[in-house]
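Quick note, the sequences are listed as chains A and B, same order. Under the working numbering, the first residue of the first sequence carries the number 1, and numbering increases by one thereafter. Under the working numbering, the first residue of the second sequence carries the number 1, and numbering increases by one thereafter.
No lab work stands behind these hints, which were simulated from the structure alone. Everything numeric in this text was worked out from a predicted model, so none of it was measured.
Here are some, though not all, of the chain B residues that point toward chain A, as calculated from beta-carbon distances under 10 Å: (1) A548; (2) S594; (3) G614; (4) A618.
Restricting the straight-line Cα-Cα distance to at most 20 Å, the calculated cross-link-like pairs of lysine to aspartate or glutamate (DMTMM-like) are: (5) B:K629 x A:E101; (6) B:K448 x B:E522; (7) B:K378 x A:E71; (8) B:K378 x A:E152.
Idealized CB from N, CA, C, for every residue including glycine.
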Amino acid sequence: MFRIMAIFGVSGAWVIACAGLFILKTKGADTADIFACLKNCRIKATLYIILFLSIFVLAVTGFWATIITGEPSTGYLLMLHCTAAVGFCFALPLSLIISAEKNRFILGDFSPGLRLVGVSKICFWIVTAAAIPLILSMILSMFPLFGPVGQEFLYQLHRFCALLLVVTGLIYLGFSQ
Amino acid sequence: MAAFYRYLIIAGLIVLMGAVTTAPAQDQTQEKEMLGDGNDGNRSIPVHLMELMVQIFEGEPPEKVLPDEEPALPFSLRHSCGECHTYSFINSGWHFNSSKEVVEPGRPGEPWVWVDGATRTIIPISGRGWDGTYKPDQVGLTPWRMIKLFGRHMPGGDYGEIYAEQLDGFDRQMISGEFEINCLICHNGDRRQDPSEAALQTMRENFRWSAAASSGIAYVDGDASTLPPSYDVLMGIPPDNPAQQPPVIHYDLSRFDVLNRVFFDIVRRVPNDRCYFCHSTQVMGMDQFDEWQRDEDIHITSGLMCVDCHRHGVDHQMTRGYEGEQRAAAPESVPSLTCRGCHYPELDAEESQSEIQPGRLGAPRPVHKGIPLVHFDKLTCTVCHSGPLPAEQPHRVRTPRIHRLGLHGVHRIDYNLPHVQAPVFIRNAEGKIEPSKLIWPSFWGRMKNDEVTPIAVEVVQKVAGKILDTTDAPRRDDWPELTEEQITQTLNLLDTVEESEPVYVAGGKLYKLLRGDLIPSEHPAAAPYTWPIGHDVRPAQQSLGYDARCEDCHDQDAPIFFGQVVVDSPVLGQGDVVKPMYEILGADGTYWKSFNASFAFRSFLKTVGFIACGLLAAILLLFGLLALKRIMLSGVCQNSEDMGKI
Numbered sequence: 001m002f003r004i005m006a007i008f009g010v011s012g013a014w015v016i017a018c019a020g021l022f023i024l025k026t027k028g029a030d031t032a033d034i035f036a037c038l039k040n041c042r043i044k045a046t047l048y049i050i051l052f053l054s055i056f057v058l059a060v061t062g063f064w065a066t067i068i069t070g071e072p073s074t075g076y077l078l079m080l081h082c083t084a085a086v087g088f089c090f091a092l093p094l095s096l097i098i099s100a101e102k103n104r105f106i107l108g109d110f111s112p113g114l115r116l117v118g119v120s121k122i123c124f125w126i127v128t129a130a131a132i133p134l135i136l137s138m139i140l141s142m143f144p145l146f147g148p149v150g151q152e153f154l155y156q157l158h159r160f161c162a163l164l165l166v167v168t169g170l171i172y173l174g175f176s177q
Numbered sequence: 001m002a003a004f005y006r007y008l009i010i011a012g013l014i015v016l017m018g019a020v021t022t023a024p025a026q027d028q029t030q031e032k033e034m035l036g037d038g039n040d041g042n043r044s045i046p047v048h049l050m051e052l053m054v055q056i057f058e059g060e061p062p063e064k065v066l067p068d069e070e071p072a073l074p075f076s077l078r079h080s081c082g083e084c085h086t087y088s089f090i091n092s093g094w095h096f097n098s099s100k101e102v103v104e105p106g107r108p109g110e111p112w113v114w115v116d117g118a119t120r121t122i123i124p125i126s127g128r129g130w131d132g133t134y135k136p137d138q139v140g141l142t143p144w145r146m147i148k149l150f151g152r153h154m155p156g157g158d159y160g161e162i163y164a165e166q167l168d169g170f171d172r173q174m175i176s177g178e179f180e181i182n183c184l185i186c187h188n189g190d191r192r193q194d195p196s197e198a199a200l201q202t203m204r205e206n207f208r209w210s211a212a213a214s215s216g217i218a219y220v221d222g223d224a225s226t227l228p229p230s231y232d233v234l235m236g237i238p239p240d241n242p243a244q245q246p247p248v249i250h251y252d253l254s255r256f257d258v259l260n261r262v263f264f265d266i267v268r269r270v271p272n273d274r275c276y277f278c279h280s281t282q283v284m285g286m287d288q289f290d291e292w293q294r295d296e297d298i299h300i301t302s303g304l305m306c307v308d309c310h311r312h313g314v315d316h317q318m319t320r321g322y323e324g325e326q327r328a329a330a331p332e333s334v335p336s337l338t339c340r341g342c343h344y345p346e347l348d349a350e351e352s353q354s355e356i357q358p359g360r361l362g363a364p365r366p367v368h369k370g371i372p373l374v375h376f377d378k379l380t381c382t383v384c385h386s387g388p389l390p391a392e393q394p395h396r397v398r399t400p401r402i403h404r405l406g407l408h409g410v411h412r413i414d415y416n417l418p419h420v421q422a423p424v425f426i427r428n429a430e431g432k433i434e435p436s437k438l439i440w441p442s443f444w445g446r447m448k449n450d451e452v453t454p455i456a457v458e459v460v461q462k463v464a465g466k467i468l469d470t471t472d473a474p475r476r477d478d479w480p481e482l483t484e485e486q487i488t489q490t491l492n493l494l495d496t497v498e499e500s501e502p503v504y505v506a507g508g509k510l511y512k513l514l515r516g517d518l519i520p521s522e523h524p525a526a527a528p529y530t531w532p533i534g535h536d537v538r539p540a541q542q543s544l545g546y547d548a549r550c551e552d553c554h555d556q557d558a559p560i561f562f563g564q565v566v567v568d569s570p571v572l573g574q575g576d577v578v579k580p581m582y583e584i585l586g587a588d589g590t591y592w593k594s595f596n597a598s599f600a601f602r603s604f605l606k607t608v609g610f611i612a613c614g615l616l617a618a619i620l621l622l623f624g625l626l627a628l629k630r631i632m633l634s635g636v637c638q639n640s641e642d643m644g645k646i
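Full structure from sequences and hints, please.
This is how it looks when you write it as structure tokens:
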């Protein structure tokens, strides 16, 4: 089930993100110039690089096992996943702090010409909200608090939050200006 | 001539009628259920006030044993118990069927081990054909020799019923009698039941006297092994040669009632001590006077008995109690008698679709707090819960069947070879990690088409007895040392027969001669033999990983991966060889080193994770409150410009 959801979710999000980018380009909207942003602020740049690299590694190591083998991630993949998780935990909240103000909802976010902006803001806050159970589910599973049923719940929570985060994160990137 | 034909026809008719009338009678006998085969539903055990029976000549009906007769006859359990129980049904049970080809071998178990210090031989033997063991006939062991070597810890039946079919046991049967199943060895609840005495009688070849001698109702003197095959034991005439000691039985007459019946305290739930005589493990390294400090299996301590889980029906097909056990009889009940069957009832209820509900015996549901789920897929329950706690080097253990433990009195000898190591972690047939006992085989053999077959100990002794002489050999770790020169000389003497070259297997290596030089190499035949540990189960608090003690296994020197398994070998210079556990396990040592090293950063990851969650929650809270403020003020504000100011 999760395997199918992951395949359709991630590929669908890619399509939507690409479609969003295409629409924004054709409309001549001022899409985010990543390189310009990176040049302006080194700290911000470093933060984003860490974030994107860690998300990339986490997504590949996490979804590789799920999509390709259909089994939980183990071995070197799991080690890499856990290593990248540190970077993710470090970079994500800081990046969100930087971007939160920009993504405040204002009146007119969903006006006919700016619907994509509204969608991207929704995605931003979903990413923020999903990141908490995503991180917490794994951290809590390392404590002697939950038995097998709880562990299973935390594991499923982690997977679905990760999927939600990746899907909404991709859409956010595609739609953000 | 006509009369001849008439007689021929009459004779033919008589034969035909005989055949017609006797055939159904035989069928009825075979199908007839005897008094003790079934169960009338009453849980109380019938009082076994029994007449003792013996069959003097084969084919004749059994006779009653008269205890005060001179000479008195030993009773036969086949015929005494057989009055009410179908013997042939019982003797297909697990304890009596290792010699029968048709039986499913199941997962590997403890083998018989043929040990001979003089030829530096350790051969794991089993009639069941487990991988890594050799069948008795492969190593030249006849049923008679099997009994001579291992009968001390056999409950009778099995090889004991077929030993006379081969030449070397044929002439002994008239003296020793059949080594029939000793029902009392397990089912006699009387504390006088003495398995050690049964072992002694078996070693003396007093098979037909063994049950009586060990039951506590009779005293048996004499030694059938001293008698020539021509001696008539039933006549009881004293032989001329004083060295020949015919067995003599003296019944305790006070145990017989006026009808010459004897009360046996027969139990269905066999006492643990009966099982322990053959199935117990002594962990070495503790002074014998400190043995009292050891704990028993937690299930026994909690009041269960071995037979509460290891059950069987009248067919005596024991439930071995491991997951995936395949059985011919009553397979539906078996999954419920595993660790998971009792402790995780709902799992097996789904899988087995059994009518017999699992979750038996009030087994507590494990908590397993903080144990990641992957552990339940990759490990058997016994990894964390069973056997001696893993140490830097696996413990040396001894078992009754391999080291002849439990033979009390003057015939007790402290055997240390073979060196059995436990727990050693291996990957089982299902791919799960499992704690096991391990021995390194060591034997002289012949290799043909890369297959190695051991050479019988007697053959080696005969050919190379002088070369391998242990009189002056220095001892190292219980072994008389063996030099490479001795191996070379012996291999030269063993010579090539039928394109099979002589080899010596020891310490995980196969030694063979190549143009006169001794070449050691790796070979599957030299691989250690392992069998899983089921008991003793430790209490939950003593399990690996209890209370999230990840370091029990995920530490830089955790025994489960980095324990040092001693490669046991008599060969000079090979005494100190060890193998890391991950190699035996077939795991990647580098991976486990780095994976376990990563646990040092766990606390850091947890801290970073919590801070990240805190910050994210703060962002959500802050902006959520701001949004709430805007929503609340939206009713107050007149227009969008005012809202924008907020």
